[in-house]
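Q: Residues per chain, in single letters:
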Amino acid sequence: MTDRRSPSTGWFAGIDPGDPEAAAGAIRDGSGDAVREWPQVAVESGAFDSEADYYAALHDATVTATRAAVREAETADDRQLIHSVRAMDDCERVANELAERVAEWAGSRREDAGTGVDYAGTLAGEDDAAEPLVSLARRVCDLDDEAASLRAHVQRTAPEVAPNLSALAGPVLAARLVALAGGLKDLARKPSGTIQVLGAEEALFAHLRGHAPSPKHGVIFVHEAIQGTSPEHRGSAARALAGKLAIAARIDHYTGDRKPELDAELEERIERIRERETE
Amino acid sequence: MTLPDGVERRSFGEKEGLATRGEPVYGEPTDGAWRRWDPRRSKLGAMLENGMETGLSGGETVLYLGAAAGTTVGHVADFASPTYAVEFAARPARDLLSVAESRRNLFPLLKDARKPETYAHVVEPVDALIQDVATRGQAKVALANRRFLREDGRLLMAIKARSEDVTADPDAVFETVLGSLEDGYEILETGPLAPFHEDHLAVVARPR
Chain A
1 MTDRRSPSTG WFAGIDPGDP EAAAGAIRDG SGDAVREWPQ VAVESGAFDS EADYYAALHD
61 ATVTATRAAV REAETADDRQ LIHSVRAMDD CERVANELAE RVAEWAGSRR EDAGTGVDYA
121 GTLAGEDDAA EPLVSLARRV CDLDDEAASL RAHVQRTAPE VAPNLSALAG PVLAARLVAL
181 AGGLKDLARK PSGTIQVLGA EEALFAHLRG HAPSPKHGVI FVHEAIQGTS PEHRGSAARA
241 LAGKLAIAAR IDHYTGDRKP ELDAELEERI ERIRERETE
Chain B
1 MTLPDGVERR SFGEKEGLAT RGEPVYGEPT DGAWRRWDPR RSKLGAMLEN GMETGLSGGE
61 TVLYLGAAAG TTVGHVADFA SPTYAVEFAA RPARDLLSVA ESRRNLFPLL KDARKPETYA
121 HVVEPVDALI QDVATRGQAK VALANRRFLR EDGRLLMAIK ARSEDVTADP DAVFETVLGS
181 LEDGYEILET GPLAPFHEDH LAVVARPR
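From first to last, the protein sequence lines stand for chains A and B.
Position 64 of the first sequence, counted from 1, bears residue number 64 in the UniProt record's numbering, the numbering being contiguous throughout.
Position 136 of the second sequence, counted from 1, bears residue number 136 in the UniProt record's numbering, the numbering being contiguous throughout.
You may find that some hints are simply not true.
Straight-line C-alpha distance at most 30 Å; calculated DSS-like pairs for lysine-lysine [what the hints assert, rightly or not]: (1) K259(A) / K185(A); (2) K190(A) / K259(A); (3) K216(A) / K190(A); (4) K216(A) / K259(A); (5) K190(A) / K15(B); (6) K115(B) / K140(B); (7) K185(A) / K115(B); (8) K115(B) / K259(A); (9) K140(B) / K259(A); (10) K185(A) / K216(A).
Some chain B residues well away from chain A (every beta-carbon gap over 10 Å; in silico) [said to hold, decoys possible]: (11) F12; (12) G17; (13) A33; (14) M52; (15) K140; (16) A161; (17) L178; (18) S180.
Distance ranges between label pairs, derived from CB positions [claimed, not checked]: (19) D171(B) / E51(A): 43 to 53 Å; (20) S98(B) / G114(A): 54 to 64 Å; (21) E23(B) / Q40(A): 24 to 34 Å.
By construction, these hints were calculated from the structure, which means they are not laboratory data.
Computed from a predicted model, the values in this text were never measured in an experiment.
Glycine included, C-beta positions come from ideal geometry on N, C-alpha and C.
Just chain A, with the same shape it has in the complex:
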């Protein structure tokens, strides 16, 4: 093992120069307090034949170390977020579908049958687990619980993956946008006009085929900036919102720093659009 280096040795001490993985590990996990002329030290100590050899090995080691760290960070971020938000949507959709089935079935047998996931919850509380209808209702509740815990997970992880986008759009909508674009990087490279209609592809292509008006908004429709604006100004609101979301996605992808001033800018834009209504 080479992780017990004394403070004044370089990353290459005790490393086989032909083993880039070990060298990368030493770059990542090592440390030191003395600054020394490492290329010279490396050649004098016989670890490398020349400074050129030293630099070539250093390049491979630092690139390998960085690539490994980037890969680790990537598996923990936008790909995972996409899976969790899609799983959340699947659970909610299936829970609703099955709740309809439960309601229809229950309606054929009981006078007081209700509808929806809530009614499935009441049925699930009945003792008779052997009854297939009650058993199915319990599945609906489990799925609904699963959807809720996935939602909580998305709300926790989206701000880590895309802090600005999550602050502006809310974590769930942020996750959906990332999922629709295919990744944070892909979202960061999309023009705001595309972000504006993400999730409205059907309407967009109907429009492009020439027999429908252009869609004003895709999944961003659920955002308060649009919901809280009167219908005739929603197009402007959607355009303004999509513009800020595009900027947020780019900052999240390229720097990852939180920029609180974006929130205020969006608020101000929406404020100004809504003022037109009162005129």
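The hints should help you fit chain B onto chain A, whose structure is shown.
A: Quick look at chain B alone, frame taken from chain A:
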């Protein structure tokens, strides 16, 4: 002022601008082996464009703090010798990697610039310390990394007012940061990065 060897003014279409020789990074305009160095995307590029005396002559050893996606450090590696690029965030390091792959003298380090002991076993003494970190305590970072700078070396730094304090007046922020810097550096020149970057102050200093 003189440009470092390996940095030239070239014309790209109707526009003229700084350029270095190297593999293109993000689809910037090229002219043969030369690629445009856009001062709006680079604080160091803006310093050169604004005519500051950076002391860079080409071929030096460089420690670059806050490499981000590698836009600027790629140009630095084009004209410098060994270039150590420190970046803290893994996400932009993805792009930094592709810049480093085509540049054998560029060494990416995914490290925290506030903790130089985590890369002191890798980085050799340098002629230039270039700093562009968006974090509070920018003077502290420059002071902590002074250990890597040769006696006759130069600190080239872009102070970002908003990283220290979003609400304070930028000039007051600059004054505070410069005051702290003087604990370890002699300030040689300061200047704004306008019109390319707002609320930034560029600093050239040498260790004392």
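Q: Give a verdict on every hint.
A: Going down the list of hints, with the structure as the test:
no.: 1; hint: K259(A) / K185(A); result: holds (18 Å)
no.: 2; hint: K190(A) / K259(A); result: holds (20 Å)
no.: 3; hint: K216(A) / K190(A); result: holds (17 Å)
no.: 4; hint: K216(A) / K259(A); result: holds (27 Å)
no.: 5; hint: K190(A) / K15(B); result: holds (27 Å)
no.: 6; hint: K115(B) / K140(B); result: holds (11 Å)
no.: 7; hint: K185(A) / K115(B); result: holds (29 Å)
no.: 8; hint: K115(B) / K259(A); result: holds (24 Å)
no.: 9; hint: K140(B) / K259(A); result: holds (22 Å)
no.: 10; hint: K185(A) / K216(A); result: holds (24 Å)
no.: 11; hint: F12; result: holds (23 Å)
no.: 12; hint: G17; result: holds (22 Å)
no.: 13; hint: A33; result: holds (21 Å)
no.: 14; hint: M52; result: holds (24 Å)
no.: 15; hint: K140; result: holds (17 Å)
no.: 16; hint: A161; result: holds (13 Å)
no.: 17; hint: L178; result: holds (23 Å)
no.: 18; hint: S180; result: holds (22 Å)
no.: 19; hint: D171(B) / E51(A): 43 to 53 Å; result: holds (45 Å)
no.: 20; hint: S98(B) / G114(A): 54 to 64 Å; result: holds (58 Å)
no.: 21; hint: E23(B) / Q40(A): 24 to 34 Å; result: holds (29 Å)
Comparing the model with each numbered hint stated earlier shows that all of them hold.
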